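Residue numbers (this note's numbering), protein chains in the order written: chain A, 1 to 324; chain B, 1001 to 1249.
Source of the hints: derived by calculation from the structure; they are not laboratory data. Keep in mind the model is a prediction, meaning the values are calculated, not measured. Be careful, since some hints might not be right.
To be verified - Pairwise CB distance ranges, derived in the manner of DEER restraints:
1. A:Arg87 <-> B:Ala1090: 30 to 40 Å
2. A:Asp126 <-> B:Glu1205: 11 to 21 Å
3. B:Lys1145 <-> A:Ser194: 28 to 38 Å
4. B:Leu1020 <-> A:Thr174: 47 to 57 Å
5. A:Ser194 <-> B:Thr1151: 49 to 59 Å
Unchecked claim - Covered, in the sense of this in silico footprint (three residues per stretch, anywhere, with C-beta under 8 Å from a C-beta of chain A), are these stretches of chain B:
6. 1039–1047
7. 1104–1110
Claimed, not checked - Residues from chain B that face chain A, not an exhaustive set, calculated with beta carbons under 8 Å:
8. Thr1028
9. Asn1030
10. Val1031
11. Lys1032
12. Lys1193
13. Thr1221
We put the CB at the ideal spot given by N, CA and C, even for glycine.
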Amino acid sequence: MGDVLVFAEHQEGHFPKTTLVAVGAGLELARKQGGACVGVVAGARADELAGELAAYGLGKVVVLDHPALTGRLADAYAQALAWTVSRLGAETLLATATAAGKDLMPRVAARMGAPMAADVIAFNDDASVVRPMYAGSALATVELQGKPRVITVRATAFEAAKPVASAAPVEKLTPEFDAAALKMRLVGFNATKSDRPQLTEASIVVSGGRGLKSAENFKEVLEPLVDELGAAMGASRAAVDAGFVPNDLQVGQTGKVVAPALYVAVGISGAIQHLAGMKDSKVIVAVNKDEEAPIFSVADYGLVADLFKAVPEMTTEVKKLKHA
Amino acid sequence: MKVLVTVKRVPDPATTIRVLPDGSGIATDNVKWVINPFDEIALEEALRIKEKLGGGEVVLVAVGEPSWQEQLRTGLAMGADRAILIRAAAALDTLAIARVLAKVVNDEKPDLVITGKQAIDDDSNQVGQMLAEMLGWPQATFASKVEISGTECTVVREADGGLETVAFPLPAVITADLRLNEPRYASLPGIMKARKKELKEIAVESLGADLAPKVKLRTLTPPAKRQAGRKVASVEELVGLLHSEAKVI
């Protein structure tokens, strides 16, 4: 008993790092609960992907096979995942708190009448969990009473699972659907085109804030540094709000949470809402002309300077370093 | 078209949050209370839908203490037609809130419910999705564009790695993300008018929803503080240190 069912989200035919983190967290929780960790895959190319997932130390991989699961629509997936939890008798349903995890998991929880904790950063030995509240200004210890229960984990708080020698068995299940209750249609997906690493996967992130003043400056001033470092580009909420960059670059309480080896904050004042999304980065660099900016209180290296002068200089220095 | 908008009272985002020494909650002295910013975006969208269709009703609903009237009045001043405060003394978990809202929806029968994508106090991001499931309605979370044509609704959503478009028949639940719109300020005439608008209070117990808590908050602790490092004098020094000391480039 005490089995953990991990929802293995995939994007464009592969598992992002955030999914391997869910598996890593699921394995940890299953050990604590004395149960098995089972992965569940659905949607396009699910068979192939299940084979891939089977290498990551799971007890079993379940493929959900049904035409209603082709697009990842919340009404269909809530039915299918609740059905799977019940069919397998799993104690915990777990996913990473990605946009898809946040969209689906509460709906599954409601279908099962199950308690849910979002964005969990630690599992305690007494079955309680820890999650941030108030943009990370408080850490809450929470008990979820009754089974099953639903948990989303923060991608930066757990290690990604690693492949092991033996492959888990794969089982195909066809969930039962109340087809009349499926009312949503997927019209299309407009992918953000970028050759850069993804924000949640990159080892270096360079983020810009309101200090950059315009979308053009993101392109002309910040992007050369981003690319010279082979980094992902991020932004503060203020920069997204001002329309300088798309929302999926937002780092912070209401955007993405990242913890790269190096985080460079350019023209970002460092409101608590932004710090919530990056303060667990290994090394933080802040470039800001206001020496009182709160970002300096979390930065390992702070440079008080005009970013329009400092950032091009940084690009040049990094280039020199690479050719040294 | 009748649109129901959920409202939560939260600390102003600019407030510094301090955890009480006994871990039972946060210090609320000197806290300025506001409408959850994403709920303001939800309300703005409802008002725009009403204006565009040239009619209908925008109803606010909150589940909280009598003090929450203040935020409902602000919402009425922005342009909502009336408000309902479901009075609940103790804090309810997300499932219970969704069950209470489902009861209100069954009474009010709106064509659309818009919630903020998350409340910025507990950061749960759950109630809209839970409500949609309980009602058996379609959901569109993290909406950045909403189009309504008759009883058909098309929503552009902020997904990982891009924008997803979904479509469904109404009624439905939509949760508002940052770029959906820029909320208006309450005008002076709006504030005057709001005083005369209906604000109905209902005791939560009278709705008959299952309120049994399943999520128990045991304690709050302040997070570990990250130490500030040092200031560097030049770009050259910075890049040098990142290479030779931090070894990250």
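Right, here's what the structure says about each hint:
{"no.": "1", "hint": "A:Arg87 <-> B:Ala1090: 30 to 40 Å", "in the structure": "holds (36 Å)"}
{"no.": "2", "hint": "A:Asp126 <-> B:Glu1205: 11 to 21 Å", "in the structure": "violated (32 Å)"}
{"no.": "3", "hint": "B:Lys1145 <-> A:Ser194: 28 to 38 Å", "in the structure": "violated (21 Å)"}
{"no.": "4", "hint": "B:Leu1020 <-> A:Thr174: 47 to 57 Å", "in the structure": "holds (51 Å)"}
{"no.": "5", "hint": "A:Ser194 <-> B:Thr1151: 49 to 59 Å", "in the structure": "violated (37 Å)"}
{"no.": "6", "hint": "1039–1047", "in the structure": "violated (count 0)"}
{"no.": "7", "hint": "1104–1110", "in the structure": "violated (count 0)"}
{"no.": "8", "hint": "Thr1028", "in the structure": "violated (12 Å)"}
{"no.": "9", "hint": "Asn1030", "in the structure": "violated (14 Å)"}
{"no.": "10", "hint": "Val1031", "in the structure": "violated (11 Å)"}
{"no.": "11", "hint": "Lys1032", "in the structure": "violated (14 Å)"}
{"no.": "12", "hint": "Lys1193", "in the structure": "violated (29 Å)"}
{"no.": "13", "hint": "Thr1221", "in the structure": "holds (5 Å)"}
Violated hints, in rising order: 2, 3, 5, 6, 7, 8, 9, 10, 11, 12; the structure is consistent with all others.
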